[in-house]
Amino acid sequence: YAASALLGSSAAAHSEPLSVQLSWLVDAGSIGEVVALQKGYFADRGLDVELLPGGPTANAIQELLGGTVDIAVGYAPQIMYAANNKLPIISFAATFQKAPLTFFSLGEKNIMSIKDWKGMRIGSAQSALPQVIAILDYNGLSLEDITFVQAQVPALLQDQVDVVGAWPTNTAALEPVTSNPGGYNTQSIWDNGLQFQSNYLIATKPTLDEKADLLAAYLEAVDAGWSFAADNPGEAIDILVAYAPALNPEKERAALDVMVSEYVFTDETMEYGFGNVSSERWQQTLDTYIAIGEIDSSMTHADVFDSRILDSVETTKR
Amino acid sequence: MTHTNSTRFAGGSGFAGLRERFAAFRGGIRGLVMAALGLAIVLLVWQAIVRAFSVPVYLVPAPTDVLVALYNDRILLAQNAVPTITEAALGFLLGNIFAILVAISFVYNKIVEDLFYPVAILIKTIPIIAIAPVLKIMLGNGIEPKVLIAALICFFPTLVNAVQGFRAVNPQLIELMHVLSASKTQVFRRVRFYAALPYAFAALKVSVTMCVLGAIVGEWIGANTGIGYLILQSMYVFDTPRLFATIIVASLMAIAGFALVTWVESRVIHWDPGENF
Amino acid sequence: MTHTNSTRFAGGSGFAGLRERFAAFRGGIRGLVMAALGLAIVLLVWQAIVRAFSVPVYLVPAPTDVLVALYNDRILLAQNAVPTITEAALGFLLGNIFAILVAISFVYNKIVEDLFYPVAILIKTIPIIAIAPVLKIMLGNGIEPKVLIAALICFFPTLVNAVQGFRAVNPQLIELMHVLSASKTQVFRRVRFYAALPYAFAALKVSVTMCVLGAIVGEWIGANTGIGYLILQSMYVFDTPRLFATIIVASLMAIAGFALVTWVESRVIHWDPGENF
Amino acid sequence: MPVAIDLSQVSVTFGTGDRSIEAISEVTLTVQEGEFVSLIGHSGCGKSTLLRVIADIIPPTTGHVEVLGVAPTDARRQRAVSMVFQQSVLMPWETVLANVRMPLEVGPQVRRSPDAMSPHDALRLVELDGFENAYPSQLSGGMRQRVSIARALVTRPRILLMDEPFGALDELVRDTLNVEILRIWKETGMTIVFVTHSLQEAVFLSQRVAVMSRRPSRIARTIHVDLPQDRQISVKDSSALGRHVSRLRAVLDEG
Amino acid sequence: MPVAIDLSQVSVTFGTGDRSIEAISEVTLTVQEGEFVSLIGHSGCGKSTLLRVIADIIPPTTGHVEVLGVAPTDARRQRAVSMVFQQSVLMPWETVLANVRMPLEVGPQVRRSPDAMSPHDALRLVELDGFENAYPSQLSGGMRQRVSIARALVTRPRILLMDEPFGALDELVRDTLNVEILRIWKETGMTIVFVTHSLQEAVFLSQRVAVMSRRPSRIARTIHVDLPQDRQISVKDSSALGRHVSRLRAVLDEG
Ligand SMILES: Nc1ncnc2c1ncn2[C@@H]1O[C@H](COP(=O)(O)OP(=O)(O)OP(=O)(O)O)[C@@H](O)[C@H]1O
Ligand SMILES: Nc1ncnc2c1ncn2[C@@H]1O[C@H](COP(=O)(O)OP(=O)(O)OP(=O)(O)O)[C@@H](O)[C@H]1O
Ligand SMILES: [Mg+2]
Ligand SMILES: [Mg+2]
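Protein sequence lines, in the order shown, are assigned to chains V, C, Z, U and X.
All the letters of the first sequence, read from the start, carry residue numbers 1 to 318 under the numbering used here.
All the letters of the second sequence, read from the start, carry residue numbers 1 to 277 under the numbering used here.
All the letters of the third sequence, read from the start, carry residue numbers 1 to 277 under the numbering used here.
All the letters of the fourth sequence, read from the start, carry residue numbers 1 to 255 under the numbering used here.
All the letters of the fifth sequence, read from the start, carry residue numbers 1 to 255 under the numbering used here.
What the hints contain is simulated information worked out from the structure, not anything from laboratory work.
As the structure is a prediction and not an experimental result, all values here were calculated from the model.
Built from N, CA and C at the ideal position, the CB exists for glycine as well.
Please note: incorrect hints may appear among the correct ones.
[Unchecked claim] No farther apart than 30 Å at their CA atoms in a straight line, the calculated lysine-lysine pairs in the BS3-like style are these:
1. K205(Z) with K124(C)
2. K98(V) with K205(V)
3. K205(Z) with K110(C)
4. K115(V) with K98(V)
5. K205(C) with K124(C)
6. K184(Z) with K124(Z)
7. K124(Z) with K205(C)
8. K251(V) with K98(V)
9. K98(V) with K86(V)
10. K124(Z) with K124(C)
11. K205(C) with K110(C)
12. K110(C) with K124(C)
13. K205(Z) with K110(Z)
14. K86(V) with K211(V)
15. K98(V) with K317(V)
16. K205(Z) with K205(C)
17. K211(V) with K317(V)
18. K110(Z) with K205(C)
[Stated by the list, open to error] Listed below are several chain V residues computed to face chain C (Cβ distance under 10 Å; list not exhaustive):
19. Q62
20. L65
21. L129
The whole structure should be built from the sequences, with the hints applied where relevant.
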């Protein structure tokens, strides 16, 4: 392992620098990138990758536009808002086939569908408000029918909200909910009309035009990283925790298992390969957002997604 | 830093006093012009840089872009200023009143002071912003957590300053009251209270700015309105001019609060706190 | 607030000086015991409340939970303290050195001061935390934006205090230098510099705490290590005991910085800045 | 004449152990009612400490103190003793009148005792009528010190302790106030103990001057001043006063 | 004897318009080389302003000033004038020696001019040898004022301006320093202009006392002091001095 790192660093001497802004702090959600970095998959492809962690006040798209990074990992709404503002960015792949955002409620409340939200207090991060509006709309409700609250999981446990949005992959935070004696109910945005993908790889349009081969190489390496993590979750977690020692291996392992089985590798990757993005789904999402008045009606999937990189790479089908 | 020349150099007090008054007078007219000029220069340089290097507006807007945003979004900004001002003002009142009450209890009970004043100084070093999320979970979603964060930010500086103020009484005045067999309450109401006022106002001037920041941070962790919400929201939709405009509104709020406290101080403290008779 | 009794009440200076020294002595032994006792009481009450109402640990951990976390995560905490201390220290140096240089330029050039000192006071009211993301974009990644945020937080308070200090020279000392036909530089190096030191240290004591907060906030815009990162990470997975332990480490850093500056001050300022001869 | 102040073998030690300072050591002094006694001595010899003991601000470490035949605490409670300091110690936030009225409003007998003076009368006595509504910052140093004297007089104390009351004033103002305090002393018949650094002032004002020695601080000598009872300011430049000052200078140089 | 200071019709006005204050008005005064002249007058009558004009700290608004035959600025550049203030104005962060050496290290002729005194000699002159390494805070008020005198002497000025130099000291210390400044004056042959509030001090020290009137401030009268040249401290209590003081008091009360 030491030898490969050494090899990597000597290879880095002639390799292309590439900096990547992650969407959040380093954790299981970016294990593919970390494994690719640590096992030299980037170096093998002539890339000298720097992974930059995100945070609550980091803005990946702005980093991209500012030129401090070449690739950003981000979410669908960010891409739509940026494109809506005519900012020259575009997505070219997505690590997560399904956006995980799911709304949790305790079993006692008997909230079985979005329709049951009427009159309830719905909590989520502020940035998820458009998603909430969209799924309400999809189910024939509107924001007036609920009380929206910016909240996190503990608010549910404190009975400050009836429903809270969270990523099921954050098993640690959800543990008190999932172990609730009265059980719990979930509504995911995916099942309720918002078929986003998540953890999109985003670049500026000029980068996509001029450095397509670098982006393709990057996608290949990340693919290799995630495939390794799927095959060897134990070893991958060891690599991750060695890279970010503040992480708890058990909690990350639980999260990884959910991600791999539910979000990163799905029926669609089986058919189209890792990182697949569906243009139809993009168009559908855009239409939903146009319907609720969040974005301009002239937007099409071509404004937010460019398939050239995915077309040029043969990614793992599993 | 409330040292005035007249305190430090009691010898030439009449002289220094006059000189200061002249300086203040000059500052009043020439100073204002110069300050405006200085601001203009800074804004011009900023505009020139943005234009010369054609920095894209979503990165750093030019002052003119920000001005346009200030004008276009004036209603939005005003609407969102209201909750923030409310939270900041309530937090300011709550935090400072409570701090002064605690400081008074310290004056009356030396043992309580010896026990808890050091703890207060210790807690003062904790970055309130870091515990904001925890407070929010404890207090729910309404206005309470924002007010509490603003109050907490005010509380410790004012407490420490008020205690200092209550102690900073001319010891001879205390001896005089003792010779007159005055009670503790009489000493407090006739002497310590007034002696502490300049210190209290120094703290209030700091905390009025801090409590605006407290309210903004409170809104970051959960709000649908307010300046803090608008900052996040503008950032999220890449409306940088509006982001800057919002930040300007935040700093105007701080300046207004500061001016208000200074004005109240000038009404309340009609004597020269630097002098000693 | 650097008023010492001896400045305010020049008349009884020898007497007040002695009395203060006695108070400090008493504070040294009895004070420490009382402070420890006070802290113990606060912790015990906290523990009792958490246990009595069986507050869930993800909300508020008991002091014992925090202690356990402090012990278990001691290596992690120490490792993450290193980058934050580095950033805070660099920011502290950068911000304060630059502030003092600007203050010096103000002394040398009255017009520059009149133009830009008010702007500096204005910028001081802008919540730095709100513009942190912009700074990050301008500076890229790595340690620079964190250091810059810490530096910015230090810069304005020190600038304002240093300017005040350079002005707060005994006017007779300036007249004396004039009679001796001393140059501006000589007046600066022999008089203003020393006269400003107590003010500068007062500012440093504030900014040393602030720059820790600055580094933490800087880490919030993107970091893999550091106290700020650890706070976020602990909050994300609701590891509240570790969150509290991390906050305690942050406040220990602030206290240590404060103690260090106070120690340096006691070495550097070997004279009584309150006195005037 | 009855005894106003009786100190016998009074010592005051500050602190304990190695760091202790004996401020005054076995001082014995008797002051008759109606007497004007000055206390002089080098800086730090314990003059203020002695006044503080009489005023019941500090208890004596050893020795016995009697003020008007009772313990100092009782004398203080009866409002028999007033004190004037070097700084006028006015409350800058109150008007002149409020400052002077203050002693009538605090303390155990807040109800106006029958023999208290009206604040207006007290101000008239120090020739400050008309300045009732001024604030201390609007007055000159000499006027401020007059206000603090009026404040001390308003309770009609039988004993007035003055700790370098004119030390901070310039000499011309000081001369005026010297004449004035003599007039007030005669009008009221009070006992006055007056601490000063000025030999001339001590001689000019007093019937008796007590000289304190350097540490160990005790009363080295007491000198009677046999100047005419009716002293004009010109007496200050007289050769008779000059002779007394010379004698005091000699005593001070010894101790 | 040559003229050291020549002021003719000197006025100083502070401020402009309604708020202007005429601090001194048409002052004419000539001081001979080697003379010791005192300046007395009520507080605020412009004594310090007059000294500031001579020292070239303030330019006169109207009138003509000559110091040692040249303009005040030139006299200042030549280091012919030194000044001592009421507060000793020492730099608390420097040792006594460094404070005294300071005038030799600043200003246009930083290279040690041949007729400068050594700082050690200056300290010896004020009897402070042995305190070179002390800091001002370790000294008594009187000692600090001695240091500031040594600092004024170190450049061997031909004119020494003293603005109430002993006003903040207690009388016993003041007496000692009075004798000392007379000794230094005789040893160095300097011209001294001395501002004081104390009539006794003015008479004791000077050959001539100039009395300033209240506003409009001018020199009301100049009185020659015909006391013996060799003045012991006992002269202070003499009747001859007393007579002079009485005369001054009368002049002051007039103006
Ligand atoms: N509260 C105190 N604690 C400790 N020492 C004290 C205290 N009060 C006075 N002293 C010391 O006792 C001695 C006598 O002090 P005191 O103030 O009585 O002198 P004094 O004669 O009034 O001096 P001065 O003429 O300077 O006013 C001094 O050495 C002083 O430092
Ligand atoms: N820089 C100044 N600006 C305005 N007025 C001044 C200034 N300096 C002095 N004055 C005024 O000029 C008058 C004379 O002041 P000056 O200090 O010369 O008096 P003085 O005789 O030295 O008084 P004192 O005995 O109190 O020292 C006073 O009314 C004073 O207020
Ligand atoms: Mg005393
Ligand atoms: Mg003067």
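Checked hints:
1. K205(Z) with K124(C): OK: K205(Z) and K124(C) at ~13 Å, within 30 Å.
2. K98(V) with K205(V): Given that 30 Å is the threshold and the Cα spacing comes to 24 Å, the pair holds.
3. K205(Z) with K110(C): Cα-Cα ~27 Å, so holds.
4. K115(V) with K98(V): Measuring from Cα to Cα gives roughly 22 Å; hence the hint holds.
5. K205(C) with K124(C): Distance ~17 Å between K205(C) and K124(C) Cα, so the pair holds.
6. K184(Z) with K124(Z): OK: K184(Z) and K124(Z) at ~29 Å, within 30 Å.
7. K124(Z) with K205(C): Roughly 13 Å separates the two Cα atoms, so the pair holds.
8. K251(V) with K98(V): Satisfied, since the Cα-Cα distance of roughly 21 Å is no more than 30 Å.
9. K98(V) with K86(V): holds, 26 Å
10. K124(Z) with K124(C): holds, 21 Å
11. K205(C) with K110(C): holds, 27 Å
12. K110(C) with K124(C): The given pair, whose Cα atoms are some 20 Å apart, holds under the 30 Å limit.
13. K205(Z) with K110(Z): holds, 27 Å
14. K86(V) with K211(V): holds, 21 Å
15. K98(V) with K317(V): holds, 16 Å
16. K205(Z) with K205(C): holds, 18 Å
17. K211(V) with K317(V): Cα-Cα ~25 Å, so holds.
18. K110(Z) with K205(C): holds, 27 Å
19. Q62: holds, 7 Å
20. L65: Constraint on L65(V) satisfied, holds at 6 Å.
21. L129: holds, 8 Å
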